[in-house]
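Trainee: Produce the complete structure using the sequences and hints provided.
Residue numbers (my numbering): 117 to 485.
Rather than coming from a laboratory, the hints here were simulated on the basis of the structure. It should be emphasised that the depicted structure is a prediction, and the values quoted were computed from it without experimental measurement. Where a beta carbon is used, it is the ideal one built from N, C-alpha and C, also for glycine. Honestly, I wouldn't trust all of these hints.
[What the hints assert, rightly or not] Okay, derived cross-link-like pairs now, DMTMM-like style, lysine to aspartate or glutamate, Cα gap no bigger than 20 Å in a straight line:
1) K161 with D468
2) K179 with D202
3) K179 with D468
4) K454 with D438
5) K403 with D296
[As the list claims (entries may be wrong)] FRET-style restraints, in silico, Cβ to Cβ:
6) V247 with A461: 21 to 31 Å
7) D478 with P334: 45 to 55 Å
8) G224 with K272: 34 to 44 Å
9) P286 with T180: 41 to 51 Å
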Amino acid sequence: MTPEPAHTMQALRIYAGPKALAHLQKNGLQAQDIGVVPGAAGGPKGLILGPLDRFIFGEWLAKTTHPVHLVGASIGAWRMATACLDQPVAGFKRLEHVGQSLQNFYGGKVQQVLTHPRFRLHIVTSRGRHVLGREHKIATPLGYFGAFLTNSVYRKAMGAWLERVVFSTPDTPLPFATTDYKTRQVALSEANFKPALQASCSIPFVLRSVHNIPGAPPGAYWDGGITDYHLHLDYATDLIARYARQIGAAGQNDADLAENVNTLATEAGLVLYPHFQQAVVPGWLDKGLKWRHKATRFLDNMILLAPNPEWVKTLPNAKLPDRTDFTRYGPDLQARVKAWSTAAAAGQQLADEWAAWLARPDAALVRPL
Numbered sequence: 117m118t119p120e121p122a123h124t125m126q127a128l129r130i131y132a133g134p135k136a137l138a139h140l141q142k143n144g145l146q147a148q149d150i151g152v153v154p155g156a157a158g159g160p161k162g163l164i165l166g167p168l169d170r171f172i173f174g175e176w177l178a179k180t181t182h183p184v185h186l187v188g189a190s191i192g193a194w195r196m197a198t199a200c201l202d203q204p205v206a207g208f209k210r211l212e213h214v215g216q217s218l219q220n221f222y223g224g225k226v227q228q229v230l231t232h233p234r235f236r237l238h239i240v241t242s243r244g245r246h247v248l249g250r251e252h253k254i255a256t257p258l259g260y261f262g263a264f265l266t267n268s269v270y271r272k273a274m275g276a277w278l279e280r281v282v283f284s285t286p287d288t289p290l291p292f293a294t295t296d297y298k299t300r301q302v303a304l305s306e307a308n309f310k311p312a313l314q315a316s317c318s319i320p321f322v323l324r325s326v327h328n329i330p331g332a333p334p335g336a337y338w339d340g341g342i343t344d345y346h347l348h349l350d351y352a353t354d355l356i357a358r359y360a361r362q363i364g365a366a367g368q369n370d371a372d373l374a375e376n377v378n379t380l381a382t383e384a385g386l387v388l389y390p391h392f393q394q395a396v397v398p399g400w401l402d403k404g405l406k407w408r409h410k411a412t413r414f415l416d417n418m419i420l421l422a423p424n425p426e427w428v429k430t431l432p433n434a435k436l437p438d439r440t441d442f443t444r445y446g447p448d449l450q451a452r453v454k455a456w457s458t459a460a461a462a463g464q465q466l467a468d469e470w471a472a473w474l475a476r477p478d479a480a481l482v483r484p485l
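Mentor: Take a look at the structure:
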């Protein structure tokens with residue numbers, strides 16, 4: 117009997133770090149395997165992920181009972197917060213056509229986000245330090261120039277200018293280690309949810325920073341993508357360490373832990389990343405620093421979903437929606453909306469191909485991250 121041909125993917129590409137790939141080859145993938153879902157900064161590019169978001173949060177993860185950490189910066193923070201609503205599918209559909217303010221979008225629904233029974237939200241922002249502590253027409257450009265120069269030499273040293281501040285569901289540990297970059301964590305509340313989300317979307321020199329967020333250190337808060345453009349965070353180390361502590365408490369010795377580190381990493385929870393490209397760029401100022409675009413050990417537990425670059429060429433203007441479209445279409449709002457809506461609708465193929473792969477996982481179709 118001739119075996120059925122394996123399904124093919126035209127729109128979607130699946131990438132995995134080494135530990136995640138080992139898990140897929142041995143076990144396939146179940147929704148309960150996922151411990152973290154990141155959402156990147158990237159403006160309108162995120163529109164292509166709408167159908168994937170609706171499937172992942174509205175159907176696939178909705179069937180599980182375990183906690184999942186959602187980490188977002190900029191538009192990714194808005195997407196991850198939307199996933200925490202009581203009706204996420206309706207929320208994602210509204211997000212694709214959003215012309216609303218945060219007040220209207222989350223009006224009366226903030227408690228749904230903060231008290232979701234399973235999802236733990238983490239909103240990433242960039243807090244200015246020293247000369248960037250207050251927005252100023254002269255000091256701010258100078259401060260960002262200094263941050264750019266410093267970052268070009270050593271990313272961690274940029275922490276002298278900007279620090280990562282993460283606003284998290286109360287009483288929730290961060291799902292990543294923070295030895296890579298200066299980091300603070302602040303508990304989310306009804307009072308600071310909207311300012312934190314607004315800050316995470318505040319692109320420098322395009323939108324004003326947010327000052328004096330309740331419960332947070334004073335200062336100017338900007339787009340979380342400045343420090344963490346694509347959330348290239350140390351997920352693997354923290355997941356391994358946390359699971360190791362649990363096993364250690366049960367009496368397993370250090371030798372056993374060392375021998376089983378791959379198992380520990382995957383059992384602690386994989387990172388599922390719906391993204392718009394393969395590269396996970398650390399910070400916004402790293403966009404031109406190609407040597408920082410490669411995967412590192414931080415992403416060993418990650419499964420990344422991204423559109424095939426060849427498929428992207430079939431979209432309007434042969435690219436993903438992005439901020440250059442504001443210039444391309446100028447005052448022709450209707451033409452821009454049509455192009456973006458067409459691209460967002462085409463993203464359904466990504467969701468369909470991911471659902472088909474999950475129904476019949478084939479590790480041979482997974483590429484190294």
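Trainee: Does each hint hold? Answer for all of them.
Mentor: Tested hints:
Using a Cα cut-off of 20 Å, the hinted pair K161 and D468 holds, with the two alpha carbons roughly 19 Å apart. Between K179 and D202 the alpha-carbon distance is near 14 Å, which keeps this suggested pair within the 20 Å criterion. With a C-alpha separation of about 18 Å, the suggested pair K179 and D468 falls inside the 20 Å cut-off, and the hint holds. Under the criterion of a C-alpha separation no larger than 20 Å, the hint pairing K454 with D438 is consistent with the structure, at around 14 Å.
Distance restraint check for K403 and D296: the Cα-Cα separation of roughly 18 Å lies within the 20 Å cut-off, and the hinted pair is therefore satisfied. In this structure the hint that V247 and A461 lie 21 to 31 Å apart at CB is violated, the actual value being about 45 Å. In this structure the supplied range 45 to 55 Å holds for D478 paired with P334, their Cβ-Cβ distance being about 52 Å. One distance hint, 34 to 44 Å for the beta-carbon pair G224 and K272, holds here, with the actual separation near 41 Å.
For P286 paired with T180, a C-beta distance near 22 Å fails the hint of 41 to 51 Å.
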